[in-house]
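Here's the letter readout for the chains.
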Amino acid sequence: MGSLDFDIAHLFAGGLVLVSFMMLYQDRLYALLNVFALHAFVLAFSVGWQAYIQDAPHLFITTALAIVFKGIIIPVALHRIIQRLGIHREIETVVGIGPTMLFGIGLVALSMAVMLRVTAEADRLAREDVALALSVVLLGLLMMVTRRNAVSQVVGFMSLENGLILAATGAKGMPLVVEMSVAFSILIAFIVIGIFLFRIRERFDTVDIQALDRFRGEQR
Amino acid sequence: MTALVADAPVVDAVSVILLIPVVAGTLLAVLPGYWLTARLNVLATFLTLLAALSLFFFARPTSGQYLLVDDLNVVFVALNTFVGFTTSVFSASYIAHELEIGRLTPSYLRFYHAMYQVLMFAMNLALTANNIGLMWVAIELATLTTILMVGIYRTHEAIEAAWKYFILGSVGIALALFGTILIYLAAQPVMGSGLDAMVWTLLIDHVARFDPALLNVAFVFLLLGYGTKVGLAPLHAWLPDAHAEGPTPISAVLSGLLLNVALYAVLRFKMLLAANAKAIAPGPLMVTMGLGSLLFAAFMLYRRRDIKRMFAYSSIEHMGIITFAFGMGGPLANFAGLLHMTMHSLTKSAIFYSVGHIAQIKGTQKLADIRGLTETHPVLGWGLVLGVFAIAGMPPLGIFMSEFLVISSTFAREPLLAIPLVAGLLVAFGALLLRMNSVAFGDPLGSTKPAQASYVPLYAHLALVLGAGLYLPPPLVLWFQHVAGLLG
Amino acid sequence: MIPDLVVQGGQMFLVLLLAPLLTGFVRKVKARLLRRQGPPIFLPYRDLVRLLHKEVVLAENASWLFRAAPYLIFAATWVAAALVPTFATGLLFSWTADLIAITALLGSVRFFMALAGMDVGTSFGGIGSSREVMFASLAEPAMLMIIFTVALVAKSTQLSTISNVLLSGHVGLRISLGLVLIALIIVAIAENARVPVDNPATHLELTMVHEAMILEYSGRHLAVIELAAYLKLLLYVSLIACIFTPWGLATAGAGPAAYLVGAATYVAKLAVGGFLLAVFETVIAKMRVFRVPVFLGASLMLGLLGTLLLFVSRSL
Amino acid sequence: MLAAIVLWCVAALLTLAVAATATARQPWATPVIYSASLAACLVGLAVALTGLLAAPEPAPAAVLPLGLPWLGVHFRIDALAGFFLVVVNLGGAAASLYALGYGRHEPTPQRVLPFFPAFLAGMNLVVLADDAFTFLLSWEFMSLTSWALVMTHHRVADNARAGYIYLIMASFGTLCLLLAFALLAGPDGAYGFAAMRTNHLGPLFAALVLALVLLGAGSKAGLVPLHVWLPLAHPAAPSHVSALMSGVMTKVAVYGFIRIVLDLLGPPEWWWAMVVLALGGVTSALGVLYALMQHDLKRLLAYHTVENIGIIYIGLGLALAFQANHVAWAAALALTAALFHVLNHSLFKSLLFFGSGAVLTATGERDMEHLGGLIHRMPLTAFTFLIGCVAISALPPLNGFVSEWLTFQAILQSPDLPQWGLKILIPAVGALLALSAALAAACFVKAFGITFLGRPRTTVAANAREVDGFSLAAMFGFAGLCLLAGILPGVVIDALTPVVQALVGDRMPVQLGVPWLSIVPIAEARSSYNGLLVFVFIGLSASLAIYAIHRVASHALRRAPPWDCGFPSTSPITQYTAGSFAQPIRRVFGTSVFQAREHVEMPPPGDHRPARLRVDLRDLVWDVFYVPIATGVEVAAGRLNVLQFQTIRRYLSLVFAALILLLLVLGIWP
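If you read the sequences in order, they're chains X, W, B and G. Okay, so the first sequence: first residue is 1 according to this note's numbering, each after it adds one. Okay, so the second sequence: first residue is 1 according to this note's numbering, each after it adds one. Okay, so the third sequence: first residue is 1 according to this note's numbering, each after it adds one. Okay, so the fourth sequence: first residue is 1 according to this note's numbering, each after it adds one.
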């Protein structure tokens, strides 16, 4: 494939990483949701481009899914939830934004270091793409563990999963990609519904030691 | 039907194994009433067991792009279906009591039975899958099913446990998927695009020419992703609560089967990596995680107050031992690992059977409120004692043999590795024995009403474990040895 | 065969006859050293006879053990005493028990003595027994160490062989032997309940060990026990004599003349031993009960030292 | 094929166990089960005797297709196994006979009957085993069944604790033995004993094996400092089981040591002997000192087991020392002494536990402070117990003395050894041995005197009744055996020669040829002992004295209140108690060994409370070795337990950390 194709694909992939950093940077929920929508759109473009250059039309389904579901439905739904639960205030981060960003950069470096050992005869695009996808995944995880707020953790998980889709589409002729993206969308729907159902306001979990002592009869 | 397929299967057994649960599941989802559904559940699992056993006696279906039957997974399938069957028998009597005291409503009963069959289907699919993508899907399906069943009581703790399981599980899902993608990426340049690059039997043929670096990263992700399901420390967090809060049959299935299925996946990929000379050796990683889990769980056993949670931690411990054994590799250790896995499934599910009835009689799972069982309920009490001794590796029960082989082969090869292993076993035994002493002996405490329990599954398992400790039938041994050879 | 038997029997009755005399002699000498007239030297015999003709007053709750013990004690002591070479070595049955066995025999004597002391269930009996076994727990190891030393020198634990070897003069002077001689004397004093360990002449609670155990005995039982005590004293003196002054001992089958010489020298040795004992008892004072362990510990250390010296010097 | 017959006995015992689980609650079960196991043990005993005496050439191993599939389980009777089978089945038979009477008083037979035959079967199997897997399996099975018997009266809190500590120590020992066997078998897993004999290890590994065996077999036998479980567990079991555990099971442990160190491990190093001797000496001395401090009759006996194990290990250590220096004849002497003591201890310790069991059934008391005067109420029990006391105190003419005498003779052969360490150590060990012998005498004067003599201290003691015929039969049988082994030691020594010959390659001179049936370790000029003549002489002279006295002296005899220096003490409280009896020895030794401290609580004048003397002893072994371990585990558990109560985010961070760590590993992978 021509170098232009590669550059464009690379551009999208790099963009995705960049947006992940932007998400790490946000400390307001609404802004975070907007950035996540952007994340989804960038992913959609990247997937669409892959569909075009690999002329794999079924990937367009994934593209559509990304735009409609992740780009629109989920952010809106989360908006609603935030309003319902009345938690539209600053995200409580565990460590400051600055250190998180630094650590994120470290993660990107790590994923590069790991991935660029891959011998060059492995298809170049795949190699670069996977490196970036890995960093997106790691950044998503980082977001999950550095945010206390349930919504932002879901967002983190979704960005992680975007990284997965990126890797999957980057791999030429990977079967079952569409099915996996669908499966994941359902999974995320579950999570969102769960949050809403169980009225999990601030955190994923309402674990507190007294509750444990009372209910589980475990001793600390 | 098996009579027909003496050499040329008309309906191959695997599809039967997979079909029965699906059909039964759909039926159970709609059929009302306890009496019928419970028996249907038992019947379905029994038929599945028959079909699985037929794999031993008749020509195997040829493995295609999606399904695979080889020596390795036949063992797992047989074990899976067997424990699935006995557990369904136990579940019949257990659920009856739950309905009596109204912890389960009929609608949830239907849901429960359907889910049970779906779980069986998912696990069998995961075991027979030849396509690593399919395997992933199946394992995730199994996980989601168990999540729903853990939360079935909808108490505060149950939902919390299910939620914890859900979140950690999903992250595990993601990691495992990433690993799978990486495997495909490694395979794709060699084997070309398309489905073939995900078929395990083809992968193992070409893996030698794959890119080692990609394989390494892939294995790391797969180990962590599926390791979360195996419950290896530090990925274990979901396991104790899920065991403690769910219905006991599910605890039995979780400990006895699901952990094995996840471990099976890890083994498959270990074989892949072992076949590539330049890739990182998977052994040390597994040995480290195994030892870590063993020691961690051994110490965690001490402060437990909830009987089911305690045995959940002991499951973590034993998964650690098994992972350690497979990590050590070599004919003896692999044999021991397989044996240990089988024995642990049987023993741990037996323990959960007895624990389930005990908890129902006493109306509590708190260790402090259960005492003197051998006085009030000798059959259950001694059953529990036997189970604890079996799980602690006391002769002449089966686990003794496997632990004997693991420890001795390790000590002869890597003396320094055996010391923490032995220490962990001793510490864990101390904790288990301490609790068992107070539960089974001393002045009775709590309700002494007679148990309406089905002792058959409990003692059937214990008898098998005892028999295996004394005598392993030669065919089984050859089988295990062959598989151990495969595992390298 | 027959003459050997006769000689052996002769020794048995010789010790039986001489034993009270030795005690009487010691008492006499002690009295003289204190410028007292002192009892007649044959008083012990008369004591025995008088006791034998008295009736036995038995405590109500005394058991069969209480009545059997005196005879067992006497018999065991007598056998032990008869196995120690007095005027001749290598007698017919001398190999029946070596030095270790003789010590052990005395140990069983003490065992039954202590039991007898506890039988009636009085506080004094208990005192006596517990103190006795406490002394013994130190005296016996000391005795064993002594035996080790001697046995290592003579390469044998047979008393006859030992005295022959020491007689033969190959041994020469050994520090170890000197050490164990002192140790043996200490043990002998303790075993025979003499001053400073115990005082056979008093019945004060503070001083009672041996006397407390036999407090409840009377009549013939007491007589037998007394005789056993006399025999024990004689045994130890003749033991010391035959190990450290083996001169004059006749060898087996040496004929009557040699036997007579041996007997004469033996009596002389007894006299010297008794005299020394009396002197020692008059110059020294009774010590507190809990000083005795130190006293005996000293002998244990001496014995161990002697043994160690030999073990080490063997290899030089 | 001898092994086959014994195996059939074992199978019979196991079937008995299974049958007992079903029928234990029936009234007829107790006599049936016990008499059946008695029969099985007798058959086993007969076979073992023939195996020991009549079959000098080692029979080939009997292989059953069980256990490790590619190995099978191997059983074999050689001389050593034959001897220990004799010990096991003799003790088993006596215990079964005793239990025919004793078992009737058992409130919960369903907790004893199933496990008793299984326990016997386990001990037989250990001795029969000829490969590592079978050995360990039977070994742990033996531990398990005995544990179940210890837990018989599980409602007593102490028993539960005893069972707990016992099983922990047991599995610790098993794991140590497992590691030892792993080294002996080598990486390719040659678990058969025959294969192990052939492959010799390097000095380091051999030493490691010795250490592991000392830990493994020592913890079962009760070597200090691994003895802590023993005085807890042995008394907790029913008395006939206590007899088996103390008298027989500890011997099976000794068998394990001999089998591995003297048979499988190959030629010993001289410094191994140092270790074994030191352990043995310390064990014997400490064991008897512990025993002296006890008031509980059965616990006192249990501590004495520790002492006797020490004596046995002293003998074994001497054997190792001589064998390392190729002085085979002396090694034979030492080993014979050790094995002889094994037999003796199994005899008199079982006898004594039977006696204590009889006391327990008659009075319901184990605490000596509540007993006394039983010799009047239970004369026969008292007589047999007295025999046992004399025997265990190593007093002639009984058997305990013979084995200790042989040990002393072996010690006397040691100056010719070249190593300085041994030269210094062996006399010290000899002193320790003599000390423990003397203390043992003291201890049993206390045990017998306080329990059986004097006046009853409680009403239960005053109203005790003599026990049933079966128990008495068992006790008299063993008392008779003690006497026989004491006066005819030559028979035993000659019976032991095949064992010794096989293990050290030399033997003691034939004893039965010696005139007058006396025993001569090396030469008559060196040393000799004749129990028979000593016995006869004592008997003769005693009867002579009695005869003479009753001829000449007065027969008059009058019963009167005790004189007691004119202070006739009316109350039995004024008797010496066990504590006060041991006080002088406690003052002499205890202050240093147990840090014994006495506190006198003297009420102020005018206060009517009695003055009290309180003594507290500390078990230093427990404080030094076990408390730290327990606290360490506790602390670790507490620290880790925090991980049960984290938020999901924290758990996720754990996963994340693991992922990063592994990726870093890959990143820096060469």
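You may find that some hints are simply not true.
[Said to hold, decoys possible] Dumping the calculated EDC-like pairs for lysine to aspartate or glutamate here, alpha-carbon to alpha-carbon at most 20 angstroms:
| id | chain 1 | residue 1 | chain 2 | residue 2 |
| --- | --- | --- | --- | --- |
| 1 | G | Lys423 | G | Glu269 |
| 2 | B | Lys28 | B | Asp47 |
| 3 | B | Lys155 | G | Asp416 |
| 4 | W | Lys278 | W | Asp369 |
| 5 | B | Lys155 | G | Glu269 |
| 6 | W | Lys278 | W | Glu375 |
These aren't lab readings, by the way, just hints derived from the structure by calculation.
The hints, checked one at a time:
Among the hinted pairs, G/Lys423 with G/Glu269 is consistent with the structure: their alpha-carbon atoms are about 15 angstroms apart, no more than 20 angstroms. Under the criterion of a C-alpha separation no larger than 20 angstroms, the hint pairing B/Lys28 with B/Asp47 is consistent with the structure, at around 15 angstroms. Restraint check for B/Lys155 and G/Asp416: the C-alpha separation of about 11 angstroms stays at or below 20 angstroms, so the hint holds. Proximity of W/Lys278 to W/Asp369 is assessed by CA-CA distance (about 56 angstroms); at most 20 angstroms being required, the pair is judged violated.
For the given pair, B/Lys155 sits about 27 angstroms from G/Glu269 by alpha-carbon distance, which is inconsistent with the 20 angstroms threshold. For the suggested pair W/Lys278 and W/Glu375, the alpha carbons sit about 60 angstroms apart, so the restraint of at most 20 angstroms is broken.
Checked against the numbered hints given earlier, the structure breaks hints 4, 5, 6 and satisfies all the rest.
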